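Following the hints, put chain B in place on chain A, whose structure we already have.
Residue numbers (the numbering used here), protein chains in the order written: chain A, 1 to 315; chain B, 1 to 550.
Just so you know, these hints were derived from the structure itself, not from any lab.
Keep in mind that a hint or two might mislead.
As the list claims (entries may be wrong) - Where chain B lies over chain A, by a calculated footprint (3+ residues, C-beta under 8 Å):
no., segment
1, 126-135
2, 162-170
3, 191-201
4, 221-229
5, 256-270
Unchecked claim - Facing chain B, a subset of chain A residues (Cβ under 8 Å, in silico):
no., residue
6, L37
7, R38
8, G41
9, S87
10, I94
11, E173
12, D174
13, P175
14, L246
15, Y314
Note that the structure is a prediction, hence the values are computed from the model and not measured.
All C-beta atoms, glycine included, are put in the ideal place defined by N, C-alpha and C.
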Amino acid sequence: MRAYVIGRLLLMIPTLVGVAILTFVIMRAVPGDIVALRYAGSSVPESVIEQERHILGLDKPMWAQFVDWMSSIAHGDLGQSLWTGHSVVEEVGIRLPLSLELAVLATLFAVAIAIPLGVIAAVKQDTWVDYVIRVFSIGGLAMPSFWIGIMMVLVTLTVWGWAPPLVFTPIFEDPVANLLTLVLPAVSVGYRYSAVSMRMTRSTVLEVLREDYVRTARAKGLRETLVVVRHALRNALLPVVTVISLEFAFLIGGLVVTEQVFNLNGIGKLLVDAVAHRDYTLIQALVLLLATVFVLVNFVVDMVYVALDPRIRYS
Amino acid sequence: MPRFHIALALAVALVAAACAGQAKPATSGAPSVVTGGEKPQPGGTLTFVVNAEPPSFDGHRETTFALLHPIAPHYSLLYKFDPSDLTKVIPDAAADMPQVSADKLTVTVKLRTDVKFHDGTPMTSDDVVATYNKIIFPPQGVLSPRAGAYAVVEKIDAPDKATVTFKLKYPSASFQTNLASPWNFIYSAAKLKGDIHFYEKNVMGTGPFTYVSNTKGQDWIGKKNPDYFGKDKDGTKLPYLDGYKALIITDANAEVTAIRSKQAAIEFRGFTPQQRDDLSRALPNDLAIQEAPWICVNYITPNTKKKPFDDVRVRQALNLAIDRWAGSEALQKITIVKDVGGLMRPKGPFAQSDEALQKIQGFGKDGKAAKEQAKKLLADAGVPNLSFKFLNRNITTPYEPIAVYLIDQWKQVGITATHDVKETSAYLGDQRAGNFDVTLDFNCDFLDEPDLQLAKFWSASKAGKGLNFAYYDDDKLDGMIDAQSRETDPGKRLKIVADIEKYAMEEKAYQWPVLWWYRIIPYLSTVRGWKIGSNHYTNQDLTTVWLTKK
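Here chain A stands alone, though its shape is the one from the complex (with noise of 0.2 Å):
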């Protein structure tokens, strides 16, 4: 097992360079220039131009560029935003812990009303029950979680006049406003993310209820709410877990429309902000994170099947 997750955490590293590479050459290949970005609709000479390109390294060849970049991550350095000139650990410092936290409300909104309404839909199995589950996490497929932040946000301000904060507080600062920025996206976001969540919920519950062991439970005389929790669900979980860790993964840069619906200052908005810029800098240190969470929480995930089920083991 130690072999296997020490194996594990080396194979992260050719990805992760993998994926600097692949940032750093598709980046270029795409067309635009921050420099002309930055003096766009302004009687800016081409002097001014090149200068700025040569203060940015950006008249260099791509592969000194490159050796530029993977020296300075080699000693920690991941860079400044070439937009701002700030450091790019700030910019990211200052956004991720409101997209953390976004991510986490949102999983647990979506946890919190995805598995009980999944159980309770594969148990009630073409009831009426089940048609109202299914026709609830259907409208969650089918409305994207922006237009549905939208809505919300119109209703509020229609019926009492009333928006969530437009500035992100942080939770240590005060909870309350804090939680009143956070609870609409959240909800928007955990809807459509539980609707996945909770069709795998009933579709893999459905099939363990069919199981001999499950049979042999009720058989022996346990109570059906025993049989559904203790046997059914607790198998019926391992491919949920993975729905739900890929989709908080996917939350912490995935939430571009949404951030910007309700102004939230989030990773999303500054990896969409950064790739409109072309701020190269920026784009490959916040490809890189995402990168990261998308791996380590893969690592977790599988951690977490061992601790799931027990037939399971790596060596």
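Here is chain B on its own, set in the frame of chain A:
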């Protein structure tokens, strides 16, 4: 009744906008306050929206309004535009209007002696000289995009602690007004000496508000500077506000939500007609609106290096096909454009009258006849069924509706234009590489000034490099632009500018404006003392802004 209020505010704004004229010098430094007879009430914090984030904090280096709106309140300028009459330049940190020598080659500026930086050090001529040297003669490694606007300056001296002189190479028509450029924040000579890049990441000025904090991507906070030198005409110390908070909100819906939910009182750049109407409906009793013509415009720019756009007849046909007057009627209802104009802002100090403008090809009111003429020119040029890609930017307001209108107009003379919409960075890349047939270009300025508005018309391989995307070289046009810049007689300058418009838009048909933008600011009526101008760069130091206790 609410409708009456809105209509009244609109009427006042329109009258004010219509009165906008040439920037003219004033003799008094104290700004009067736009109160409508009310006495300004001190106190309160103004929360406003900025829909982009400043890249760095250095006004000398950047060109975006996103820097000016949150950061300008921390700084003073030598001169600024009067908040109550935005056509008039008044002294800011200067003690009086500049004195010009008889040969028009020396401009002397006397400074106030009561101006202090936020760290308590007094501002002297050393600071002004260091500031303007950084702007006009930037040292190696320092970027100054507006250095070219001061190419006329030979050197800057400080004969004493309260006097600065600018020695000019030749008499300039625009130099004095350019001293009111909103970007020319006065910096501390000591800070610049310690680190010439200090102001890229730090704030330390002499303005009405001191720096409190900035959360990147979220907000910018300033508080009242108790040592600010400014006073209003009644002798009351400025600013009136206790502080301000700029919220960075980039999504258009979220901007409207911010005003509608009263989390912000105003956004200073501008909203669309639909956003204005939405807010008017939602806040019938709490909203005021100001509107004004805007010194921003889109140009249709054919790439003269590509066939058939090297043929003047084809370019003239492209221009003649467009009925701007009908376009104005249609587009002003849905986007932020309105007035038909030439190269200078319509109704501005350098604009031709509508009658004179209509005599220029493509600007007449008989759209049908112009289209017939366009068809004939295309046939003569051998391209009756011309087709090309029309490069545009992926920004809805106002680029998309303008492009849709143009494509339809061209279709009516047999031209097929394919809308080639690209993300801003790629769009700019294609423009700079000349990788397009025809593009929708754009320009915004802080001042009605031919030197600024004609910057895109210099020869592409000379002063117009990186600006002129029509990619022509024309020594005659360069000579005309240079001549107007040196002409200090206003009447003669106006004539040269009119000749340039005729030559560049008709005779050579290099590039043409579509419609000039129109600025719409709906805001909470608790905000007082702020008046809309014809640009979104000036009048942002918030000295005279105040909030009613309503």
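Here is what the structure says about each hint:
1. 126-135: violated (count 0)
2. 162-170: Our answer is that it holds, as 6 residues pass the Cβ test (under 8 Å) against chain B, meeting three.
3. 191-201: The restraint on the segment 191-201 of chain A is violated, since only 0 of its residues have a Cβ under 8 Å from chain B and three are required.
4. 221-229: With 0 residues close enough to chain B, the hint is violated.
5. 256-270: With 7 residues close enough to chain B, the hint holds.
6. L37: holds (5 Å)
7. R38: holds (6 Å)
8. G41: holds (5 Å)
9. S87: Violated. Min distance 11 Å.
10. I94: holds (5 Å)
11. E173: violated (12 Å)
12. D174: Not OK, violated: D174/A not within 8 Å of chain B, min 14 Å.
13. P175: At about 18 Å, which exceeds the 8 Å cut-off, the nearest Cβ of chain B leaves the hint on P175/A violated.
14. L246: violated (27 Å)
15. Y314: This interface hint is violated because 41 Å lies over the 8 Å limit.
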